[in-house]
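Asks: The primary structure of each chain is shown beneath.
Number of protein chains: 2
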Amino acid sequence: MKVALAQLNPTIGDFEGNRRLVLAATAQAEAGGAALAIFPELVLCGYPPKDLLERPAFIEAANASLQVLVTALADSGTAVLVGFPERLAATAGHGLSNSAALIDGGRIVHVARKSLLPTYDVFDEWRYFDPATDVAVTPFRGRRLGIAICEDIWNDADFWPHRRYRSDPIEALVKGGADLLINVSASPYTIDKRHLRPRMLAATARRWQRPLLFVNQVGGQDDLVFDGASLAIDATGTIVARGAEHATDLVLVDLAAPTAARLTSEPPGAPGSDELSALAALALGTRDYARRCGFSRALLGLSGGIDSALVAAIAARALGPQNVLGVAMPSRYSSPGSLRDAEALAKNLGIDFTVVSIEPMFAAYLETLAPALEAFASGGTPEAAAAAADLTAQNLQARVRGAILMALSNRQDRLLLSTGNKSEIATGYCTLYGDMAGGLAVISDVPKTLVYRLARALNADARLIPEATLTKAPSAELRPNQTDQDSLPPYDLLDAILEAHLTGGLDLPELVARGFDAAVARDVVRRVQQSEYKRRQMAPGLKITGKSFGPGRRYPIARL
Amino acid sequence: MKVALAQLNPTIGDFEGNRRLVLAATAQAEAGGAALAIFPELVLCGYPPKDLLERPAFIEAANASLQVLVTALADSGTAVLVGFPERLAATAGHGLSNSAALIDGGRIVHVARKSLLPTYDVFDEWRYFDPATDVAVTPFRGRRLGIAICEDIWNDADFWPHRRYRSDPIEALVKGGADLLINVSASPYTIDKRHLRPRMLAATARRWQRPLLFVNQVGGQDDLVFDGASLAIDATGTIVARGAEHATDLVLVDLAAPTAARLTSEPPGAPGSDELSALAALALGTRDYARRCGFSRALLGLSGGIDSALVAAIAARALGPQNVLGVAMPSRYSSPGSLRDAEALAKNLGIDFTVVSIEPMFAAYLETLAPALEAFASGGTPEAAAAAADLTAQNLQARVRGAILMALSNRQDRLLLSTGNKSEIATGYCTLYGDMAGGLAVISDVPKTLVYRLARALNADARLIPEATLTKAPSAELRPNQTDQDSLPPYDLLDAILEAHLTGGLDLPELVARGFDAAVARDVVRRVQQSEYKRRQMAPGLKITGKSFGPGRRYPIARL
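Residue numbers (the working numbering), protein chains in the order written: chain A, 1 to 560; chain B, 1 to 560.
Hints in this document: simulated from the structure, not taken from any laboratory.
Predicted model only: the values in this text are computed from it and were never measured.
A virtual CB, placed ideally from N, CA and C, is assigned to each residue, including glycine.
A few of these clues could be false.
[As the list claims (entries may be wrong)] Sample of chain A residues facing chain B (criterion: CB under 7 Å; computed from the structure):
| hint | residue |
| --- | --- |
| 1 | R55 |
| 2 | A57 |
| 3 | Y165 |
| 4 | R411 |
| 5 | Y433 |
| 6 | P556 |
My request is simple: use the sequences and hints to build the entire structure.
Replies: Here it is in structure tokens:
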């Protein structure tokens, strides 16, 4: 028996478009001789639909789309397995299930329902769905399918040192006689997960001695990037086929051999290193966010520094260089090298480039505001007043730049990409409505040390980013001779503390026990806490690590 | 037996401060002869702690605080019931319970655990806690207490047409022999809930023929305002005592009589009408957000319009007029009346007032940006280009104002209050980084029609808001002779559609079926959807209706 893994990129709420994708892939699968084509979780509505799941009209449209699909597949020799939000008759609870329908011969022959509802990090499924309380194996053309939905396969007692849930639907399916395990997923990308996921799935296949087919959504949905990377694994735990990473794909698996063939014209596109994989993820996330928000063009500020250089390169790859505009906005504090580096980068990338001085606006603010700034200030110390005045002037420069970029965005219908990295956003080393302005925060989940690794990986093939940008000391250039390290610890130390604090959940005593300097760690933790209000107002940022800012991280602002 | 309802205002993460509040209230209760003092849900750490609950150090600190409290209460004649996050020994799941400990005679004699974990709207409890699977009645000084935590009492089969949960912990407690029901809560305020909550609780007491004591947290926590309004209800469902609304309180209830006495020096402070209640909620939310973020002073832009007038009045009440600065920022499009009205308002309220013209900066932007704005614009129609240029100019003015206010905020250490109302934020009739700039969006959950009602309620006692502000046509004054109704439907119609769409969950076909004009409804729904990206970046806004923007409303930005 041949099964097609249809790794699609659905759009949330585009029922007609998503259905068209399913039908086209099914036709290809049928031409290839597939008995079955399997599709990602909730493919008919796209994942994650979030609070659209609370809207009766949305659920109705999804179920109507399923019926249209069933009718359209009446003559298909290939059965399909598609995810959809299923209305349940229930006297209490949501009355909604995260389900997958097996359609064969023009009718629904089985519905699998999700048992384990992820409600952590970016996931909120308990908010929308009722969990299935049992699972059932379904016969299909001589085999017995054990169909599980995404999280259902992430709770193996042997694999995980600590389990999130008490039950294991996979164990129940195997004990129910399943001879082929199928997992339909919308599993978001992280760099770590590209290693963890195949390892976990292979261990599961091996443990139960069952072949396992895993199909995953691909594409960017706001903060999340889905990487595809579908898998066919044999009963010994050997991976026999892989879907493309960060691209749509259709993989035909022959369970008898087992061997696989690729039915899509797209290249396999295995990015290789983690750095190339992360770059591909960021480009995919940028491309899909832009096009789904109706933008074909983008712009960003080019400071001559490494962050904006990296974002410009990602944007050029995502949208085409001809659709990207880089704007240098020098001030009295900009070094001559900065403008030169920015221009060289734009030339290397082939993007449009322009220069707008911030000086006329900055000077107008300083002059016009001078009386009001002092008139109602409180009577602090002269040092505090000087620090406040300095901060005010620095932020004003950043906000003039933000307003310039937004004006160009408004006038030219371009998506503004913000260029802050994770290390500075974590510590609040950024200006709200200034450099934080934008529709998408492309590298907000990329720590500064990883920014350098990604930039070097980019430069390995072609020298896109000027050498000076890679080697000079990072600086915001908001006052004379400023460098980031005037305010922040060295980036390798900062990033290590941030990783332990943000992702590892460690607080001050535990950080000190890990060997970090107490004063440095205290300062970093304080900065993270005190800049929560800035992150609350940041643009969506593409998630590529285990814990990013955005919907997956929820902290109070006002607290002790 | 006398029981004290201790309606406290804890600060999230302030274990020592919260414990001090508990001990002080217990001493007062003991002096009043109380056998028991009951405190709000999670009072030791404050509610909602959000992802702090995922941090081991936070849970450890909360449990250490409980032990300190137990020791401190060794000689107390009054038992206490306090909420805390309880670490559970568990082989799977969170290993954490939303619990309340009954402390008597220097030891914990009972722990009640929450069964129903709200995971909807602003609530995410399934993200953090394991639910209790059974409940137990506990004997206490001759009575049998049925202790339930917040949501546990919100699932009565007789009261609700549709139940969220299958089980009812109250029913289980009554069947287990409870003769006194106690509910410890952190139940956020909405205008509707101030009527619904007493009605629901009275119905529950009546149904089970048991007296019911309800104690609720008070105070502002980011977006949420907790209103207190604790209740003592007798076994017939009659309310015998009420805690203050929007203020801390300590109410002593004699279960034998039943009668109640107030042990606090604060006035009872029953605001009366819904309008006065909403104003008190907004003032409380503003006051607590400011002080918990370390601000004693605030500022806001005063346009001469009704929204900023209302916010200024709320801020003056929350922080004292001497701590509020109003800034008028006229432009070439401002009417002379606007400046006059803004100044009159400031005088009426007794707040500081200053004027900063936006013209020098606006002119500098237009001149400096002119070449770049046109250089890389796409070749659209002349009409589209003119519309984009107009939008660009309007937004620039708003952003100059935003930058002026942020500069004053930076220099003078004042919290910037943004003044957008719910109707304009819903429809995107607002400028990101412009009038949306600020640390707290005070009236972002107040529809325009309610803005007028609140303003008139304010003016009933004293004519604070100038008559012209109340009567003139609303205008953003960003181009000549502009009024809001050039772009938006009349506000009474708009607000009715928004209420049905946002809170009621109705989409276009259902809105039309309700009798709304199809073209108008389509335009409103489209505006709401297309401005999701703006709201993603808005400041926290105080919730006073059933569905506000912010953490309780989660929609994808990029979608069809």
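Asks: Evaluate each hint against the coordinates.
Replies: Now the hints, each set against the structure:
1. With a cut of 7 Å, the hint placing R55/A at the interface with chain B holds, because the nearest CB-to-CB distance is about 5 Å.
2. For A57/A, the interface hint holds, since its Cβ comes within 7 Å of a Cβ in chain B; the closest pair sits about 4 Å apart.
3. At about 6 Å, the closest approach between the beta carbon of Y165/A and any beta carbon in chain B falls short of 7 Å, and the interface hint on this residue holds.
4. A distance limit of 7 Å between C-beta atoms decides the matter here; for R411/A the minimum to chain B is near 4 Å, and the interface restraint holds.
5. The criterion of a C-beta within 7 Å of any C-beta in chain B is met by Y433/A, whose closest approach is roughly 4 Å, and the hint holds.
6. Evaluation of the P556/A hint against chain B yields a held restraint, the C-beta minimum of about 5 Å falling below 7 Å.
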